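Colleague: One letter stands for each residue in the lines below.
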Amino acid sequence: MRTFAYLSADDVATAVQAISTEPGAKFLGGGTNLVDLMREGVEHPDTVIDITRLPLTGVEELPDGGVRIGALVRNSDLAGDRLIRGRYPMLSQALLTGASAQLRNMATVGGNVLQRTRCAYFYDGTAACNKREPGAGCDAIGGFNRNHAILGTSEDCIATHPSDMCVALAALDAVVEVESVRGKRRIPLVDFHLLPGGTPQVETALEADELITAVELPPSPLAATSRYRKVRDRASYAFALVSVAAALEVADGTVTGVRLALGGVAAKPWRAYEAERVLLGAPATEESFRLAAEAELAPAVGRSQNEFKIELAKRAVVATLRQLLTEGGAA
Amino acid sequence: MSLTPAELTSSVTGGIGTSPQRPDGNLKVRGEFAYASDLWHEDMIWGSTLRSPHPYARIVSIDLTEALEVPGVYAVLTHEDVPGANLYGLEHKDQPVLAVDVVRYQGEAVALVGADHPETATRAMKRIKVEYEVLEPVVDMETAADDTPLHPGGNLVRHVPIRRGGQAPTADVVVTGRYEVGMQDQAFLGPESGLAVPAEDGGVDLYIATQWLHVDQGQVASALGMPLDKVRLTLSGVGGAFGGREDLSMQVHACMLALHTRKPVKMVYNREESFYGHVHRHPAVLHYEHGATNDGKLVYVKARIFLDGGAYASSTGAVVANAATLGVGPYEVDNVTIDCYGVYTNNPPCGAMRGFGAVQAGFAYESQMDKLADALGMDPVDVRIANAMTEGSVMPTGQVVDSAAPVAQLLKLVKDKPLPPVSTTLDLRSMPGGVSNTTHGEGVVRGIGYAVGIKNVCFSEGYDDYSTARVRVQVINGELVALAHTAACEVGQGLVTIMQQIVRTELGVQRVTILPMDTSIGNGGSTSASRQTYVTGGAVKAACAAVRDKLAKLAGGRDLSEVDLVELLGDDVVDETVEWRHRATEPLDPETGQGNAHVQYGFAAHRAVVDVDVELGLVKVVELDCAQDVGNALNPQAVLGQIQGGSAQGLGLAVMEEIQTSGGKVRNPSFTDYLIPTVLDMPPMSIDVLELADPNAPYGVRGVGEPPTISSTPAIVAAIRAATGLALTRVPVRPEHITGT
Amino acid sequence: MIEVVPSEGGVVPAAVEVGLVVNGEARRLVVEPRVTLLDALRERLGLTGAKKGCDHGECGACTVLVDDRRIYSCTTLAVMQEGRRVTTVEGLGTPESPHPVQAAFVEHDGMQCGMCTPGQVVSAVALIAEGHAGSEDEIREWMSGNLCRCAAYPGIVAAVRAAAGGAS
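Residue numbers (the working numbering), protein chains in the order written: chain A, 44 to 374; chain B, 890 to 1630; chain C, 15 to 182.
To be clear, the hints were calculated from the coordinates, so they are not data collected in a lab.
Take these hints with a grain of salt, some might be off.
[Unchecked claim] The list that follows gives simulated cross-link-like pairs (lysine to aspartate or glutamate, DMTMM-like), each with its CA atoms no further than 20 Å apart:
#: 1; chain 1: B; residue 1: Lys1152; chain 2: C; residue 2: Glu57
#: 2; chain 1: B; residue 1: Lys1015; chain 2: A; residue 2: Glu176
#: 3; chain 1: B; residue 1: Lys1015; chain 2: A; residue 2: Glu83
#: 4; chain 1: B; residue 1: Lys1015; chain 2: B; residue 2: Glu1162
#: 5; chain 1: B; residue 1: Lys1015; chain 2: A; residue 2: Glu86
#: 6; chain 1: B; residue 1: Lys1439; chain 2: B; residue 2: Asp1460
Note that the coordinates shown come from a computational prediction; the quantities given were computed from them, not determined experimentally.
Model the full assembly from the supplied sequences, consistent with the hints where possible.
Modeller: Below, the structure is given as C-alpha cells:
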C-alpha cells in the first residue's frame, strides 16, 4: 500500500473543508472496500480523511413518514433498525444478505453506496481495465465475465455494481444528500450511479469534494410489503449473480403499485422502470410478471460467460413478484 | 519468540480407541499456536517473489539495476544465483527454482527480493525489468501431447494403460459418457510461509509449514548445492495442507536469500500468491464406456482419461496411476481397457490434492453407474451392489483385494438411513439459497443420489514408503514420561493426538510429550495418501515395542506390569528409534498396467439428499450421509472430523469450487471469486463407521482422510440429476447448468 | 480533533501515534497510517492470534472485537481505531481459566489445523453476545463469515451452541 497523509475529522465542516484543499484526498468510512483497493494499488489517495467519527450515525423518522439515515450508520445497525424493518423490509433484507456479520459491522451506508466493482480485472494491475486506466481496454469483455453486467454496458466496460443495499435504495426512490464547501445538494439514488458509456472511470454523480451525509427514504406504504431476493453461488458471504428488490400492491387482481430494481446486472443498481410500466394496471398474474421481466431485459446483452444471467434475472423477477403476490412481504 | 515449536504435552489421557483432546487444542483456541506465518526473528528481513505474468514466454532479459537501488533492499536474486541444481520436482526434476530462459505458467518464480519490509520488496519488484517474448500457450489437455513441446521429452508426462481380460467385449447394454472435472484448489487457510536462518556452520535452518520435511530437505539441499546435514528443517504450525504443501513453494527461495544476505529471511505468500504458489487438483476430461448384461452385471469398462498436469510434473505420475488403477471404481469387472494420460500444458501446475486421481475417476465412473442404472431401469444402489467388490475381488491391475472391502454393506448402510423430512418450516436457512431469501419452497425439487468410492492408502508402485519414530522413556520429577519424536508432519489431522494415544496404549505411560517435528530424525514420509496413522502410527508402535523390550531386560525377566517403572528406571533413560515399513508393493507393468501396486484400499459411500430450486438453479444439500470402513478407529472423534472435512471438500467440488483459467491465466485467485463452503453450506451428516480390521496394518487401521472426498462429489451431483433430470457431466455444477440458460 | 501527518513523497513513510486499549491494556504505538489493525496487532504488538488468511475480508481468520463488535482487522487501519477497545483471542480467558467459548472449542474439537480458530472463537463470542445463538441454523447463518477449510463446522456449531448454553 502506498503511503498517504492521514486526517481524522470530527465534524462535517472540517471534513469537507479538508477535502476541498486536498484534491487527491479520499474519505474513509468503514474501510472494507477502500482499504482493500489501496492495498491492491487500485486506489492511491495522497490523503485519507477518516470520517468514522462524524456525527452521522442516526436513523430518524421524518415528519412525512420517511426515514433519514446518517451516512455513517453501520450496515448491521441499519439492517436491525426497527423503522427500517417495519417500513422498508426489502432494505433490511438486502443488507443482511450482503457480506458477513463482521463486514456489516464495519461497512457504512455512504461507503456502501460508493463501493466499487469487484471485477477481477479491475483489481488485477496487470490486466487491461478502462475503469482503472482509461483507454487501456477491457479484458473482461473477451475474458472471464460470468459475473459481469448484461444491462447498460458499453464496449468499454461491463463491470457490475456490487451493492445489495443500493438495489433496495433504488427501488425505494432513495435520495442521497451530499455536502461540500459549496453547499448541500440532493441526488436521487437512481441518478447517483452512472452507466459506463465511454467513461467507465466516472462512476457516480458525486463531485470530488463532496461528502455523502445522509440517505433519505420517502414514505412508501407500498414498501412495507417488499422483499429482496439474491441469487448467488454460495448460500451466504458471496456477491449476487442477480438480485431483485421488489414491492407490490394489488387491488382486485390488478397491480396498483410496484417498485422493482435489479442487482448484479449493471454498473448501477438497476431500477426496472420498463417492467414497472408494464405491470402497473396489468392483472397480477404470473404471465404479467413474465411479460414485465421480458420487457425489462429486452435490451440485455450477454457475453461469452454471462448469457445465462438474462434468463436468470427474468426468473428472479417473476419469482419475487409471485412470492409478494402469494405470501406478502413479511421477511 | 522461539522459532522451535512447543513440545506438546496434554494433561488429558487416553489410549487408542478413545478420543482425547488434541494436545495442541488449547494453544490453538488461545491463539498461541505458532504457525509458520507467525514466526519472528529480531533482525530478519522479508523475501518476496517476482512471478511471471505470462503463461508461456521466453525471457529475453532481466535487468535488476533499479531494483537494487531501492533503499532497504538487501538482495535481488535470479537463476544465476541458484547455488546448486536449478531443477527440482517430486517425481521429475523439471521445475527451475527460478526461471532461466522461459516461463511455463503464469506465476512462475523469476526473481527474489530480500528487503527490510514487505512494502520495500514490493517497490523493488516493480523495478525489476523483465523483457518477455510472449508465446502461444498450450492449454488443451486432450491435444497437448501433440502440441508444442514444453519440455525436452515432450508433453506426455505419463501414460498408464490397463489391459485386463478381453479387449473387444460386447454387452447387452452400453452407456457412454464424457465427463469433466474442474481445477480445484486446496485453499488451506494458512498461506505458504517459512523462515530461513543462516547458520554459523554455513548451512541454513528452515522453519516451514510443509507436508514432508525430508523430501523438502533433499530438494533444498540439491538446489543449494549443500550436503543434507547443512540443511535442517523444523516443522512450524501448518494451517492446513490437503496436498498443496507436498511440493516446494518458497523453501529454496528463503534459504537462498538467507545465505546470500546472512540474515534470517521470512517469506509469507498472500492469498493471491498462494493460488500461484502451490499445485492444484488436476482438471480432467474422462471418456467412459460401460457394458453390462441385461441383469446389470458389468461386462466391461473402457476409459480414456486426460489429466492436465500444467507446466510441471509434480506428482502427476502418481495421479495418473491412481486414476487408471482405480478407474473402474470399487466394482468387479473382468474386462478393462483404460488409457490414462497426464500431460504438460501452460496451465497452473497440478499435483496432490486429497483423493488425488481417484476423485476425478470417481466422478466419472459413478456418473456412469447411474447412467447404467437408468438404461437398465434398475435402482442405482442395486446396480452398484450387483457389481460391488468384496474381499478377494481382483482389481483391474490383477491385484487381489486381500482385506475387507465392504462395498455393498457401505451402500446398504447409507441407503437404509431414514430420509430427512421435507422441510415444513419456512426457515429460509433450510432452503436452497439459504439466507439469500430466494425460494420459500416453491419450485423446489428434492433429489437423492448415491455414490461409493475407492482410494489406495499409502504410497504405491514399489515406492520405499516408511516412517521413523523415536520413543524415549525417563523419569522426570518423579513421574514416568514418554517422549515421541518423528519427522511426520502434523497439518491439523491430529497425528500428534494419535501418537500420544499409541504410546499410552503400548507403554502404559500416561504422560506423553510430542517433540517438535524436524529433520534431526529420519524420514517420516509424506502427510498424504491417508498414510500417517498407518505408517508413522506403525513406526511409533514399533518403537514402543523396542522400548518395552529394553525395559523388560532391565526388569530382568519380571513381568513389566508388576514392576514400578519409576523405580526400575531411576536415572536411566530408554531411547529407541525404529524405521518402519508397510509391506512392499510392485510397479505396474508398463504395457498392461498389471501388478500388486497398492498397499491397501479404503472405501466410503455417500447418500446425498438435495433440494434444488429449479427455477433459479440453487442447490441446498439437505443431508450428506456417509458410511466408511476405517479398519480400526484409533480416535473416533478424529475419524468423524476427517469424514466431515473430506465430504465438505467434495461438496465444494460438486457445486462451487473451480479455479477458472483462460489462455493459461488464472481468473479468480481470491476468496471472493473462488468460493469454498461456509458453515451454512455444510449439511448435517449421519456417519456410520465400520471397523473391519486390515490384518496387514498396525491395529488393523485403514486410511481415513481421502475416501470420503471421492464419493461425496458424485453423490451430490447424482442427487441434483435426480431432482432435475439433467445430464450434468461437469463439476462444479453451477446455477446456469441447472437453469439451462 | 484533526491530526495532519505529512506524506513524504510517498516513499519515506510518515508515522502517527495511536493509542489503543488492547485486551484491557492501554497501548501506544507509532505506525504509518497505511498499517492495518491486523498488521499492527501481529507485527507491532506481538499478538499473532489474529491470522492473515486472505488480507481482503474474505475469510474471517483476522476477526477481532472493536468496542465489543466483531470486525475483520485486515480491512481497517490501526490509526482509525484511536482510543477504541480492541479484543483479540489472546484477551479472552487465561491458560488456567479459558473463556467458555475457548473451552467449548476444545471440548467439541471445533478445529483441525486451527488457522481459522482464533477468528472463529472471537466471532462466536460476539455472536453469542448479539443474541444469534438461538438455534444451530442461526449459528450457521451468523458464523458464515468465518471460513474453515478443514470443515470442522459440526464441531464449531456444537461448541458455539454449548458455550451459548444450548443443548450440546
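Colleague: With reference to the structure, classify each hint as holding or not holding.
Modeller: Here is how each hint holds up against the structure:
1. Of the supplied pair hints, the one linking Lys1152/B and Glu57/C holds, its CA atoms being roughly 18 Å apart against a limit of 20 Å.
2. About 18 Å separates the Cα atoms of Lys1015/B and Glu176/A, which keeps this hinted pair within 20 Å; it holds.
3. Among the hinted pairs, Lys1015/B with Glu83/A is consistent with the structure: their alpha-carbon atoms are about 13 Å apart, no more than 20 Å.
4. Only pairs whose Cα atoms come within 20 Å are accepted, and Lys1015/B paired with Glu1162/B is accepted, the gap being roughly 16 Å.
5. Taken as a hint, the Lys1015/B and Glu86/A pair is honoured in the structure, with Cα atoms around 17 Å apart against an allowance of 20 Å.
6. Restraint check: the Cα-Cα separation between Lys1439/B and Asp1460/B comes to about 15 Å, which is no more than 20 Å; the hinted pair holds.
Of the numbered hints stated above, none is contradicted by the structure.
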